[in-house]
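Undergrad: Residue numbers (my numbering), protein chains in the order written: chain E, 1 to 378; chain U, 379 to 756.
No lab work stands behind these hints, which were simulated from the structure alone.
Here the structure is a predicted model, which means the values were calculated and not measured.
Think of the CB as a built atom: it goes at the ideal place given N, C-alpha and C, for glycine as much as any other residue.
Some hints here could point you the wrong way.
[Said to hold, decoys possible] Pairwise CB distance ranges (calculated):
| hint | chain 1 | residue 1 | chain 2 | residue 2 | range |
| --- | --- | --- | --- | --- | --- |
| 1 | E | N76 | U | E751 | 20 to 30 Å |
| 2 | U | A507 | E | L253 | 14 to 24 Å |
| 3 | U | Q526 | E | V124 | 35 to 45 Å |
| 4 | U | T448 | E | N358 | 54 to 64 Å |
| 5 | U | A524 | E | A90 | 13 to 23 Å |
Protein chains: 2
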Amino acid sequence: MTDSSPGDKPAVKADQASRPYSPGLEGVIAGETSLGYVDGERGRLTYRGYRIGDLVAHGSYPAVANLLWTGDWEPNHRLPTAPIPPAVLAVLRALPATTKPMDALRTAVSAWGTTLDLPWPPTVDQARALTSFSPSALAAFARLRAGQEPIEPDPSLDLVEGFLYQLTGSRPDAGTARALDAYFIVGAEHGFNASTFTARVITSTRSDIVSAITGAIGTMKGPLHGGAPSEVVDQLSQVGSADHAEAWVREALAKGERLMGFGHRVYRAYDPRAAALRTVAEGMAHKPDWLQLAIEVEDVVLRVLAEKHPDRPLKTNVEFYAAPVLMGVGLAPDLFPATFSLARHAGWTAHALEQAANNRLIRPDVNYVGPPERDLPS
Amino acid sequence: MTDSSPGDKPAVKADQASRPYSPGLEGVIAGETSLGYVDGERGRLTYRGYRIGDLVAHGSYPAVANLLWTGDWEPNHRLPTAPIPPAVLAVLRALPATTKPMDALRTAVSAWGTTLDLPWPPTVDQARALTSFSPSALAAFARLRAGQEPIEPDPSLDLVEGFLYQLTGSRPDAGTARALDAYFIVGAEHGFNASTFTARVITSTRSDIVSAITGAIGTMKGPLHGGAPSEVVDQLSQVGSADHAEAWVREALAKGERLMGFGHRVYRAYDPRAAALRTVAEGMAHKPDWLQLAIEVEDVVLRVLAEKHPDRPLKTNVEFYAAPVLMGVGLAPDLFPATFSLARHAGWTAHALEQAANNRLIRPDVNYVGPPERDLPS
Numbered sequence: 001m002t003d004s005s006p007g008d009k010p011a012v013k014a015d016q017a018s019r020p021y022s023p024g025l026e027g028v029i030a031g032e033t034s035l036g037y038v039d040g041e042r043g044r045l046t047y048r049g050y051r052i053g054d055l056v057a058h059g060s061y062p063a064v065a066n067l068l069w070t071g072d073w074e075p076n077h078r079l080p081t082a083p084i085p086p087a088v089l090a091v092l093r094a095l096p097a098t099t100k101p102m103d104a105l106r107t108a109v110s111a112w113g114t115t116l117d118l119p120w121p122p123t124v125d126q127a128r129a130l131t132s133f134s135p136s137a138l139a140a141f142a143r144l145r146a147g148q149e150p151i152e153p154d155p156s157l158d159l160v161e162g163f164l165y166q167l168t169g170s171r172p173d174a175g176t177a178r179a180l181d182a183y184f185i186v187g188a189e190h191g192f193n194a195s196t197f198t199a200r201v202i203t204s205t206r207s208d209i210v211s212a213i214t215g216a217i218g219t220m221k222g223p224l225h226g227g228a229p230s231e232v233v234d235q236l237s238q239v240g241s242a243d244h245a246e247a248w249v250r251e252a253l254a255k256g257e258r259l260m261g262f263g264h265r266v267y268r269a270y271d272p273r274a275a276a277l278r279t280v281a282e283g284m285a286h287k288p289d290w291l292q293l294a295i296e297v298e299d300v301v302l303r304v305l306a307e308k309h310p311d312r313p314l315k316t317n318v319e320f321y322a323a324p325v326l327m328g329v330g331l332a333p334d335l336f337p338a339t340f341s342l343a344r345h346a347g348w349t350a351h352a353l354e355q356a357a358n359n360r361l362i363r364p365d366v367n368y369v370g371p372p373e374r375d376l377p378s
Numbered sequence: 379m380t381d382s383s384p385g386d387k388p389a390v391k392a393d394q395a396s397r398p399y400s401p402g403l404e405g406v407i408a409g410e411t412s413l414g415y416v417d418g419e420r421g422r423l424t425y426r427g428y429r430i431g432d433l434v435a436h437g438s439y440p441a442v443a444n445l446l447w448t449g450d451w452e453p454n455h456r457l458p459t460a461p462i463p464p465a466v467l468a469v470l471r472a473l474p475a476t477t478k479p480m481d482a483l484r485t486a487v488s489a490w491g492t493t494l495d496l497p498w499p500p501t502v503d504q505a506r507a508l509t510s511f512s513p514s515a516l517a518a519f520a521r522l523r524a525g526q527e528p529i530e531p532d533p534s535l536d537l538v539e540g541f542l543y544q545l546t547g548s549r550p551d552a553g554t555a556r557a558l559d560a561y562f563i564v565g566a567e568h569g570f571n572a573s574t575f576t577a578r579v580i581t582s583t584r585s586d587i588v589s590a591i592t593g594a595i596g597t598m599k600g601p602l603h604g605g606a607p608s609e610v611v612d613q614l615s616q617v618g619s620a621d622h623a624e625a626w627v628r629e630a631l632a633k634g635e636r637l638m639g640f641g642h643r644v645y646r647a648y649d650p651r652a653a654a655l656r657t658v659a660e661g662m663a664h665k666p667d668w669l670q671l672a673i674e675v676e677d678v679v680l681r682v683l684a685e686k687h688p689d690r691p692l693k694t695n696v697e698f699y700a701a702p703v704l705m706g707v708g709l710a711p712d713l714f715p716a717t718f719s720l721a722r723h724a725g726w727t728a729h730a731l732e733q734a735a736n737n738r739l740i741r742p743d744v745n746y747v748g749p750p751e752r753d754l755p756s
C-alpha cells in the first residue's frame, strides 16, 4: 500500500482484490422490491404491476400511496392532510425567511419525529401519518416566509387539494387539483434512486421512518438527483409563445444548446410519466397557459428533432411536463424540489416498510488507498 | 415474472440475472478511502496511516479531526465549540422535553443548515463549523429538557472540554476531559459503516454537508449500527463491585448469558480502541468509579473466558470502555448514542469531503420481484 494520487490506480490489498469493486455501485443489485418497476427500453413504469398511465387515469395520489404501502387497490381511498403539531409549528416559525424549502422540509420532518414515539418496525399508519403531515408543513413554511399565517387542514379535501388550499388559502378548481394530483402520482415511486436507497440504508439499521425520510429529503436536495426542474420553466419563458417555438428550437439546436426536458438516463422510449401528465393536461377544460405552451412546444421540438436526427430521436422526459404543471397550479419555482419530495413520500415510506419486512443491514466495504501504517511525526 | 411470496426465490429478469446480486452489499466494495483503515485480524485501526493508540497518546480530538479533514498532523490544533445561531436555539426550545437526544441532534443539525449558505463542494471550513456546532447543540438540548438555560461556549476551552462545560456549567478536571477526548478520538472514524456510507450516498448527489450529516445521525440512531452502549453500564451495575466480578461472570456464563462489551463483528484481536481507552483510564490520577470497576471486571472476564474457551478467546470491544468513560464523566446513559454521533462528526464530514473530491453518484440497482404488468381491477 502506498499513497495514491487521484489519477493512480488504487493500491489494493490481497483480500480486497478478489471482491467485486463497483464505484457508485452501478449495475450492482443491492436488494429486491415489489413496488416500482422501470422498463426504460419499452418506456414502461408500473407500481405493483399497474401501469402508471392507468393509475393516473383511474386513481388519485392517496389511492396510489395506499397501493404502494399495502398492495391493495382501493381507488376511493382518501388521505387528507394532517395538522401540524404545535412544537413543529414553533420550529417552522423559528426558521429564517431565507431558508431553502428543501432545508425547511427536512427540518420539519425531523422535528415531527420528536413529537412521537415511532417504534420499530415502521408501519402503514406511520407512513400515512408522515405522508399527510409533510404537505401541511411545506405549505405553512411557504406562507410564513411570505409573512402570512399558516392555514389549518380542511379534512373534507384530499391530500393534493388540501396542500394547495393550505398554500394559497383558496380551494383549487378541479382541473388544477387533478393536474397536481397526476404529478404526485407519477412522482410517487421510481425504484432504487439515490434518495430511496438512502431511506433503505437508514431503515436497515432499525432506525425509524422519520430518520429514513429525513435522509431521503437531504439526498433529493442534490442536483444530481432532484434535478433542476425550474430550467424547463426558464426555457419556456424564453420561447414565450407557440408561434416562436420553431424558430427558437432551430436556433438553439444550431448553437448546440441543450434542450431541457428531453432525453433520459434510463428511458430510451417516451417517458411514460410525461405521457400521463400530457394526457391529463390535454383533458383539462381550462389549461393554465404554461401547460398549453408546453404541449405546443413539445410538438414542435419532437418534429424538429425527428427531422434532424431520424436515427436517434430524443424523447420527452417527465421534467418537461412537471415544470409547467407546477407553474400552472401556481407554485413558486423554488418550491418545485420540495413538492417533488412530497410526492415521493409514498414511495420512500413504502420502501422503508419493504426493507423492514425482510431486513438485512446494508453495509458495503471500501478499498483503503491511503498511507501505510506509520509513526506520528516527532 | 410472477408474484412472489417471501420464501420464494425471486423471479429475475434476463437482463438482471447476469449482474452481481448482493443483498446488504456485504463484501461489495463501493468506493475508496484514504481515511480510516480497520484490520480486524491484527486488531489495528489507523487514521491516515497513524495508529489509533498513538493518536490518543499524543493528540487531541481537534488535532485528529483536522488530520482527517486535511491529512496534516498538527498536534496542537484547536477547535473550540461554536455558538448556537439564535434560530437554532429557538428550534431547540420548541422541542418537547421528551425528545430523544438523537432526534434532537438530527433536528438541530438540520436547522443549523437553514441559517447558512453551504455551496457545493463541501469544504474543510464547513466541516469544522458543523463539528464545533453540534456539541453546543446537544449540551443546550440536555440543559433545556432539565429546565436549565443553555451555556455559551467558552472559546478558551477546546472542543471536548467545552462540551462538558456547556453540559454541566463547570469546567471539567483535566483527567475527565482527557478521558472523554480519548473517547471522541476512538469514535471519530471507522471506515464504511452504515452511517458513513449514508453520508457518502447523500453527498454523491451533490447535496450539502448538512444533509449528509443529518442522514448519518438518523442512520446511527438504528440499534443495529449505534448499538446499545448503556447495556454495558447495566451489566457493570449488576456486577456492583470488583469483589463480585468472578462469581457474577461464572454465573452469567453458566446461564448462557451474553457478556456485553466482548466480541466484535470485525475485530478478531483485541479492539485497539478499547486498548487505547484502557491506557488512558489506567493513567488517570483519579479514576471515576465506573472506570476503575471496568478495568477490574475486564481482567476477571478475560481470565475466565480464556480458561473456558482457550481455543477462541473473546476479546474486549470498544463498548466495554466507552460506556464507563461516558458514565464516568457524568453523561446520562440516554445521551450516549448522541455523544457517539458528536465524535463521529469528524469522520462523517471527512468522508463527505473525500466523496466530493472525486464524486460519482452512488446508485445501485434493484431486482424487481413484484407482480407482472397487469390491468387495474375493474
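Undergrad: Now tell me if each hint is right for this structure.
TA: Hint check results:
For N76/E paired with E751/U, a C-beta distance near 24 Å keeps the hint of 20 to 30 Å intact. Range check, A507/U to L253/E: about 45 Å between beta-carbon atoms, so the 14 to 24 Å window is missed. One distance hint, 35 to 45 Å for the beta-carbon pair Q526/U and V124/E, holds here, with the actual separation near 40 Å. A beta carbon spacing of about 42 Å between T448/U and N358/E contradicts the range 54 to 64 Å that was offered as a hint.
Against the hinted window of 13 to 23 Å, the Cβ-Cβ separation of A524/U and A90/E comes to about 19 Å, which satisfies the hint.
Violated hints, listed in ascending order, are 2, 4; each of the other numbered hints is respected by the structure.
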